[in-house]
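**Q** Fit chains G and H to the given chain Z structure using the hints.
Protein chains in written order, with this note's numbering: chain Z, 1 to 339; chain G, 1 to 157; chain H, 1 to 544.
No lab work stands behind these hints, which were simulated from the structure alone.
Hints should not be assumed to be uniformly reliable.
Stated by the list, open to error - Calculated lysine to any residue pairs in the SDA-like style (CA-CA distance at most 25 Å, straight line):
1. H/393 with Z/317
2. Z/35 with Z/121
3. H/44 with Z/76
4. H/438 with H/118
5. G/80 with H/30
6. Z/128 with H/24
7. H/101 with H/118
8. H/252 with Z/245
9. H/167 with Z/174
10. H/440 with Z/336
11. Z/2 with H/24
12. G/2 with H/199
13. H/136 with G/21
14. H/393 with Z/332
15. Z/334 with Z/324
16. Z/128 with G/93
17. Z/334 with H/199
18. Z/128 with H/27
19. H/44 with G/33
20. H/393 with H/465
21. Z/220 with H/75
22. H/393 with Z/315
23. Z/35 with H/38
24. H/44 with G/30
25. Z/2 with Z/196
26. H/44 with G/11
27. H/180 with Z/173
28. Z/2 with Z/332
29. Z/156 with Z/133
30. H/393 with Z/121
31. Z/156 with Z/110
32. Z/156 with Z/127
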Amino acid sequence: MKHRGKGMASINYPIGMNLGGDPSQALVHSNPTGKFTVALSAIDLGQGMKSVTRQIAAETLGVPVEDVYVDTADSDTGPHDMGSFASRGTHRVGNAVAVAAREARGVMMEAAAEELEVNASDLETDGKGNIHVKGAPHRKISTKDVAIAAQFKQGKTIAGRGIFLVPLSEVDPETGEMSPATCYAHACLVAEVEVDDETGEVAMVRMDSAYELGRALNPKMVEQQLVGGAWMGVSHALYETPEPYYPEPTHGPRDFNEYAMPGPGDICPHDIAVLERPAPDGPFGAKGPGEMCANPVLPAVANAIFNAVGVRIDDLPITPEKVLRAIRQQGGAKPQARR
Amino acid sequence: MKTPVQFRHNGSDVAVFVDGGASLLMALRDGVGDTSPKFGCGQGTCGVCSVLIDGELHLSCITLAESVAGRSVETADGLKAGASLHPLQTAFMENFAAQCGFCTPGMLMAAKALLDRNPAPTRAEVVEAISGNICRCTGYEPIINAVLAAAGNRQRA
Amino acid sequence: MLELRKEIFADERDDNLNEIGKPTQRQDMIGHVTGNTAFFDDHKLAGLLHLKVLRSPHHHARIRRIDTSDAERSAGVRRVIRGGDVPRNLNTLLSLLNFGKDDEPSLATDKVRYRGEPIIAIVANTEREAFEALAKVRVDYDPLTPVFDVEEAIKPGAPVVNETYPKNTFEYHGKYDHQKLRFGDVEQAFAQADHVLEQRYQMSPIEHASTETNGSIAAPETNGRFVVYTCAQGLFFSLDTTAKILDVQSNKLHFIGGTVGGGFGGKVDSLTEPLATLASMLTGRPVRYVLGREEEMQFGSPRGAERIYVKDAVMKDGRLTARKVRSYLDSGAYTRLSSYAVIKCAAHIPGPYTVPNVHADIYCVYTNRVPATAMRGFGVTAVDFAIECQMDKLAHLIGMDPMEFRILNAYRDGDMKAHRREAKNTALIECVQVAAEKAKWPIREEFKRMSSRVGGGGARAAIPQTRLDGGAQAPARPAPQRTSYDRPLAASPPAPAPQPIRPASLEPQRTPSQPPPPAPPPSPVPGAQHGAARFSSVFGTRRR
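Just chain Z, same shape as in the assembly (with noise of 0.2 Å):
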């Protein structure tokens, strides 16, 4: 027989390496027709470091992310960065990103100023490729006339620099006491299962969640993350374990066979909420999805688990033998109240 049970779970997720003390750094330039080029040693794992950055450049520099590159990652032309991990990537290298592009605006301003013959604080970028004064938007030069005049005529070179360190905590060892993050990101997350009582097998039914970003700075990609985030939780809480047998080491998976994940037959509907509460020393408030989609899945399901028969499985990941070993011992399906 099937029961269906729901769980849920919320959690907090530190932004950036424990502790601090990793920086990003960027630098941004220009070249002699006003498309720029952000070089990094950021590294894209599929994450979208690459793109994240680029729509980053644009927006502060005021020019159509059409007209940015990121250039990554290679040690002689990218300037240092710690690396992908920690959830740190969004938040320190999109600072660094920031802060290099921010400086080159500045220089571009003062290029465009120069040729409109204008003080830059009266001039704006419209965002698609112009410079203008502010109220008069027909007095406006391109930004691609601005690069060839600030270079060939004015001898300056439109270009940046950022760094972004979070400078490093230290740890007292008697209380623990430490400053591990600046920021973090929330989430809470509802999973509704299926246990059959006969198999000790459990079916993703559906998952619901809202996610706090600090800034979605493109919607789609937070989608990726979370949605493919959700589905490695629930492939560490059923599937997924090098050592079936922990902590013996025996019956350790050889191929893709023998590691068990689900694949696209076993994922469930999932739908998402996205709150931003931005981050005070974000990249317009952002911070990084990158782990956190995974971790609330688990509590989740093991809780939609307890709900649906009454058992309480602790150890992972929670195997159709161990759900059946559960449900025997106990006697029988307990389904818990129905929410």
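**A** Chains G and H only, in chain Z's frame:
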């Protein structure tokens, strides 16, 4: 002693020399210079090496290079029509169906194999068709949506 | 399906942005769908050689003798590399940050400490010839008793896994085998609690299982340098690790990467770069070292297992009054990054809740298994599993709805956290409320009205009296902070409403994301790497 193998690769005649026992995957990557099919396991269990041989989906990492002599091999590198993207490629883009991109070439070939023989698949048929292709990043949902979208577009065309 | 709930915290945001917030197509998407995206292995170099390693079949053994004479004569073999050929064979990854002692060889010489530990590297014309040569290497082992369970490993008399840490635990602050967290008095809270619940949780190790395995290709470049195409998640981390192990200046290496087929933490360890680069130096040829899938699954570093004991005190009215956590991270045979995960774990306790009494001891334990490494949620995922299962059990115990139980205990702006920092920019309550609404999970009106910005601080901002393990009282105020992120603890007035974040492009003068004025630099530690005192407060003087 190396063996010559001649076959059609994305519509062109190619010839490579392979060691005995060499896989089609290595012949394509090292011999032909087509790096779109990827090495993920060499065990036939992950699908990132997927190619079409005479229109049928195969795992090139466990296919002997010599076995494709005289046959037609298609990879993701050949999906474009000139400079234009294949409808599947467009659909993957519009549905954000790739993150790291490593499974994408194989996934596209699995999808193509499906749509070439079944232009209007159900969601369950799409799931079945890509079940031999592992993706660790996307959670599969956007990939399924992309294939259905491509099928929908082709129907309208 | 994803929706943006813009109305929540809208007063703290300026949403007047141009490009930010748009669903702009990824820069790399066209490359991905055309197969043009170039990963490390998509670089073709003429004369490429292949490196494979011999791995220990034993979990724990002394190496008496290694005989490579037949292997060296094997067809296609260009070079056999032993531990003695590695300029600095002993390393620990975080030595770059002055953290921990060098404990791990690139190639084992006298002892193996996990099944799969590399002993000999063979460079040959093809992978097949490398494998055939490896099969001809003869190693004489004296097997030793292994230990696999973290709590067994820390008992006196347990087999010593890693002689650098003879008690099988990493050493913190030069004196402790664990990291402490002490806040208030948990024992008093347990004595006064309506309910006390103590449970044990076990998180499995996890394989990263990216579709791209670990690997790199190293080749001679110009000017006496070497280029390395790498899947590393930290480019300079990997470059500097390689430079240290090979004892070369950093600018002799040119690392190229940045496009990785999935990482999730499994490509931080520089598993292949040092040996591939050494092999290229020794042969003068390009060398490719890529892990096979079985090799990666069995011997690539996993997320470390964690065993967590949680003991909580809860009152009938739903207040969580104490949380005591004891956690053992299974580091495997070598330290790698687990020492750091312990601190991150300690920092995370008791979760996003305001708990007036918190006590934690977190251990990094060595066992005879593949060394663990970072993975998505490092130091946090397992303890979140434990905490949130525990919260569900507590709610059930007192008959309170789990959502309401979270909202009641959630941290709010201005609360004091267990590591003695003020909670800021909190949003747990709002996430719970929205998730409940989406899942049609009814919660009472009063809980729907609660807010992260209301009700925090005041008495909740106090640091409780805390007795330390030695008997002394902990200081009543947080230590003076070196960063301006940590505001000194004020007496009660609530924090002013935060300023909306203005987009940088509209306000060239105000630079909200500019780093704060730098704190005075710490005095340099003698012999420190990179000219900075790194983690010295945690790990005492770095010893080799």
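**Q** With reference to the structure, classify each hint as holding or not holding.
**A** Hint check:
| no. | hint | result |
| --- | --- | --- |
| 1 | H/393 with Z/317 | holds, 19 Å |
| 2 | Z/35 with Z/121 | holds, 23 Å |
| 3 | H/44 with Z/76 | holds, 20 Å |
| 4 | H/438 with H/118 | violated, 51 Å |
| 5 | G/80 with H/30 | holds, 11 Å |
| 6 | Z/128 with H/24 | holds, 15 Å |
| 7 | H/101 with H/118 | holds, 20 Å |
| 8 | H/252 with Z/245 | violated, 45 Å |
| 9 | H/167 with Z/174 | holds, 21 Å |
| 10 | H/440 with Z/336 | holds, 17 Å |
| 11 | Z/2 with H/24 | violated, 43 Å |
| 12 | G/2 with H/199 | violated, 63 Å |
| 13 | H/136 with G/21 | holds, 21 Å |
| 14 | H/393 with Z/332 | holds, 20 Å |
| 15 | Z/334 with Z/324 | holds, 13 Å |
| 16 | Z/128 with G/93 | holds, 24 Å |
| 17 | Z/334 with H/199 | holds, 21 Å |
| 18 | Z/128 with H/27 | holds, 18 Å |
| 19 | H/44 with G/33 | holds, 8 Å |
| 20 | H/393 with H/465 | violated, 29 Å |
| 21 | Z/220 with H/75 | violated, 53 Å |
| 22 | H/393 with Z/315 | holds, 15 Å |
| 23 | Z/35 with H/38 | holds, 23 Å |
| 24 | H/44 with G/30 | holds, 8 Å |
| 25 | Z/2 with Z/196 | holds, 4 Å |
| 26 | H/44 with G/11 | holds, 23 Å |
| 27 | H/180 with Z/173 | holds, 7 Å |
| 28 | Z/2 with Z/332 | holds, 12 Å |
| 29 | Z/156 with Z/133 | holds, 21 Å |
| 30 | H/393 with Z/121 | violated, 60 Å |
| 31 | Z/156 with Z/110 | holds, 9 Å |
| 32 | Z/156 with Z/127 | holds, 22 Å |
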